[in-house]
Amino acid sequence: MSNKLNLAVVLKKYTMVIALVLVFFFFYMSTGGKILYAQNINNLISQNAYVFVLAAGMLLCILTGGNIDLACGSVVCFVGGIGAVMMDKNINEWVAVLVMLIGGALVGAWQGFWIAYIKVPPFIATLAGMYAFRGLSNVVLQGFTVGIRNTNFLNVFGGGADCYIPDFLGGGAINMTCLVAGIVIAIVFVLSVVRNRISAKNKGYEVGPLYADIIRMVIISAVVIWVFYKLANYKGIPTSLIWIAVVLLIYAYITTKTTMGRYLYAVGGNEKATKLSGIDPRKVYFFAYINMGLMSGLAGILTIARATQAQPTFGQSYEMDAIAACFIGGASAYGGEGGIFGVVIGAVLMGVINQGMSIMGMEANYQKVVKGIVLLVAIIFDVMSNKKKK
Amino acid sequence: MAKVLLEMKNITKTFPGVKALDNVNLKVEEGEIHALVGENGAGKSTLMNVLSGVYPFGTYEGDIIYDGEVCQFQTIKDSEKKGIVIIHQELALVPQMTIGENMFLGNERGKKNAINWNETYSEADKYLKMVGLSESSRVLIKDIGTGKQQLVEIAKALAKQAKLLILDEPTSSLNETDSKALLDLMLEFKKQGMTMIIITHKLNEVVYVADKITVVRDGSTIETMDKHTTEIDEARIIKGMVGREITDRFPKRHDVVIGDVNLEVKDWTVHHPLYTERKVVDNVSMNVKKGEVVGIYGLMGAGRTELSMSIFGRSYGSDITGTLTINGKQVDLKNPREAIDAKLAYVTEDRKGNGLVLSNSIKVNTSLANMSGVSSKSVIDVDKEYQVAVEYKDKLKTKTPTVEQNVGNLSGGNQQKVLLAKWMFTDPDVLILDEPTRGIDVGAKYEIYCIINDLVSAGKSVIMISSELPEVIGMSDRIYIMNEGKFVGEMKAEDATQENIMACILKSGRGE
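Quick note, the sequences are listed as chains C and E, same order.
The first sequence: position 388 = 388 (our numbering), numbered continuously.
The second sequence: position 76 = 1076 (our numbering), numbered continuously.
One or more hints might be untrue.
Claimed, not checked - Straight-line Cα separation of at most 27 Å, DSSO-like style, residue types lysine-lysine; simulated pairs:
| # | chain 1 | residue 1 | chain 2 | residue 2 |
| --- | --- | --- | --- | --- |
| 1 | C | K275 | E | K1003 |
| 2 | C | K275 | E | K1279 |
| 3 | E | K1384 | C | K272 |
| 4 | E | K1003 | E | K1111 |
| 5 | E | K1279 | C | K201 |
| 6 | E | K1191 | E | K1160 |
| 7 | C | K283 | E | K1352 |
| 8 | E | K1160 | E | K1180 |
| 9 | E | K1266 | E | K1191 |
| 10 | E | K1003 | E | K1279 |
| 11 | E | K1266 | C | K275 |
Said to hold, decoys possible - Only some residues are given here: those of chain C computed to face chain E with a beta carbon under 7 Å:
| # | residue |
| --- | --- |
| 12 | S221 |
| 13 | A266 |
| 14 | A273 |
| 15 | Q311 |
These aren't lab readings, by the way, just hints derived from the structure by calculation.
Quick caveat: nothing in here was measured; it's all calculated off a predicted structure.
Backbone N, C-alpha and C fix where the C-beta goes; we use that ideal spot for every residue, glycine too.
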């Protein structure tokens, strides 16, 4: 009886993970296994770097009450344009990077101010930004494509063809550095789970069943090692993966371990109660949007680095990909619920569907239809499960 | 003997776990004004919701006989077709629309896909005249005052060809002049043969307009008095309203020493946040001492919540004047954070709306108002937070398997305990408890009372707001009585009886 109930809970908690596995399996069958080629796994990560980064920022906005940022795609282009032009004029690449990040944060502050303090609905404030910054991107780039030749910049942020961590260990056909990194990450993960479990037990807290932890450790370690093995068979660790990992780790920490993270959930869950608890919701909104701007800046850097140029059309519909990743990953459209783990799953799911359909040779227009349906289904699931709770 | 227009026979309505109405009988004759009186939660509104079809036929037991036939209303539309129209306490008007548009909303004049605006406005004007409003029906609702809005509601009901008009607390948001005008209008309608049921807390109004008075208490009809056969005595109505037995429902406090004044409010006046000319709290002065429980009694809408929220860092109202002194020092609290830092806590009456984040765990809710107590440099100490939550769970005997449980899944009583835990963790000197036992069962109430006793034993001050007379009398050392924004009486608990508290309110209601 109780086992059965547990199964239902597990199924509900990991619905999207299961969906992801099923989608992988589907494309594995229909592409004749091509989706699991090392190169495709590699592309899945580096092509979607911007989704992970933007979705992490978007999650914070969505947590505060289902608020979104429609402008981030335009901001990616705007900030990227500034950086490209600066480097084109031979300004130091680190100055350019700093300007891009600060520029993104300032744009976020601009939007956050209207949203938090003047109470402009986020949808409208960021729609305005979407138009305005798209226009400004064109102004900055004067309508042209600006190439990037700064090799330092390209190497650090994963640009062009040479965008991998070099193989220090010299493994020949197989990239040893990559493989070792995968194994080290798996070991660190297992050790941290074990340590948490022991310390929780020592302090007398309740701990989940041992087998659940073991299953979790085995599955996650296996996936990590497998992915790195695949990457090792190609060209090694894509530089963009480092940036994705850094961003995701920082945001996982912010959302679970800091007071500001807690306030994001509280404001989204019940703004009035949060206000009466002595927390100023305006500061929370402001923080979320500044942060979104900062992430737009970083995504702008990664985007122009990957393309080794900046174009006035870059970043179009990026905001939609980020929003979709959050919602598919289980963030509540009403706010207060969601997490970084879900964002990762949502972003990977979107990426796999994109890539799978491309390999199958499906027409781009139909790909959009499928993505739309996936998003709708995910939201329907969220709404239905909320209804049942009541 | 006039014809009986409406008879409700043996009506019983149960909600999961609660019997809201128990075998209620009500008889209303044609052309009379019938008043329903009773305490909050006695079941008056539930009864009217059964009558108007809000709770459809089949969800209750008993019969409704209207105009000689048994009725089985499925929706509000069904009852309106018969001429039963209810005007709810909260006005159901769209502020951005004109009077005329509001009046025929859902009942539009003209053809199905072509509204006839000329007919709409000319008919609307006709009905406005009937309720004595000289405004044009093309004026927007938001541009007229609440008193006139209430009249528009009545005009709207008339436009639905009402034969039986039910008014739920029609004067609760009106000032004295507007209330008087409304009551006179009711008497005017009566002359024209309209039948009306009025639900109200204001007994002076009852005496003024009603022909018959039915007292509802704890989901049952206690008695019906007829003004024409018996002298209606206010004291008698009160006795009917509150006449339940008081047993030992309140734990005794022992050896609590009442010390110096902890919090003092002087000449406190608060205006409505939107209608800034309206005084919601009017020149109130009060104090509470260390180790003392001070009760504030008043009926719904008396301004008790508004008073306490305005004290708690100006969380309510505009143009707040007066002085607030805590521990001998005059303070100016501009927001909830400053109030919390000044060792003040406000435990809201609206647990779900203003109190708890239902989608979060007990642990998260417990620490929310005092995050600095479980974090350093804005990084949360997860262990400490867990320990705090467990400590309060044990102390307040919150029934839950784990503190990781979402608050939304708890019962009302346990939610109330989590809310108390949250505010006790801010280590306040003065706690304002707003309706701390609303909507929770008797057992949990007793436990909340014990927590209150523990708090004052520890030298804290408690201000307890309640609309339950026995609770106020049973728990307080001293009682303030509030009515229509003013304090109209103060008495020691040993001098207080239910009758003389109600009498205080009555006297003030008559403007003496």
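Hints, verified against the model:
Among the hinted pairs, C/K275 with E/K1003 is inconsistent with the structure: their alpha-carbon atoms are about 56 Å apart, more than 27 Å. Restraint check for C/K275 and E/K1279: satisfied, since their Cα atoms lie roughly 24 Å apart, inside the 27 Å limit. Straight-line distance between C-alpha atoms of E/K1384 and C/K272 comes to about 26 Å, which keeps the hinted pair within the 27 Å bound. Of the supplied pair hints, the one linking E/K1003 and E/K1111 is violated, its CA atoms being roughly 37 Å apart against a limit of 27 Å.
Of the pairs offered as hints, the one joining E/K1279 and C/K201 is violated, with about 58 Å between alpha carbons and a cut-off of 27 Å exceeded. Between the alpha carbons of E/K1191 and E/K1160 the distance comes to roughly 19 Å, so the proposed pair stays at or under 27 Å and holds. Distance check on the hinted pair: C/K283 and E/K1352 sit about 23 Å apart at the alpha-carbon level, within 27 Å; holds. Simply put, E/K1160 and E/K1180 have alpha-carbon atoms about 24 Å apart, close enough for the 27 Å limit, and the pair holds.
Taken as a hint, the E/K1266 and E/K1191 pair is broken in the structure, with Cα atoms around 48 Å apart against an allowance of 27 Å. Restraint check for E/K1003 and E/K1279: not satisfied, since their Cα atoms lie roughly 44 Å apart, outside the 27 Å limit. A hinted pair counts as satisfied when its Cα atoms are at most 27 Å apart, and E/K1266 with C/K275 qualifies at roughly 26 Å. At a threshold of 7 Å, the smallest CB-CB gap from C/S221 to chain E is about 24 Å, leaving the interface hint violated.
With its C-beta approaching chain E no nearer than about 5 Å, C/A266 sits inside the 7 Å limit, and its interface hint holds. For C/A273, the interface hint holds, the least distance from its beta-carbon to any beta-carbon of chain E being 5 Å, beneath 7 Å. Annotation: C/Q311 was flagged as interfacial toward chain E, and the flag is violated, the nearest CB pair being 40 Å apart, outside 7 Å.
In summary, the numbered hints that this structure violates are 1, 4, 5, 9, 10, 12, 15.
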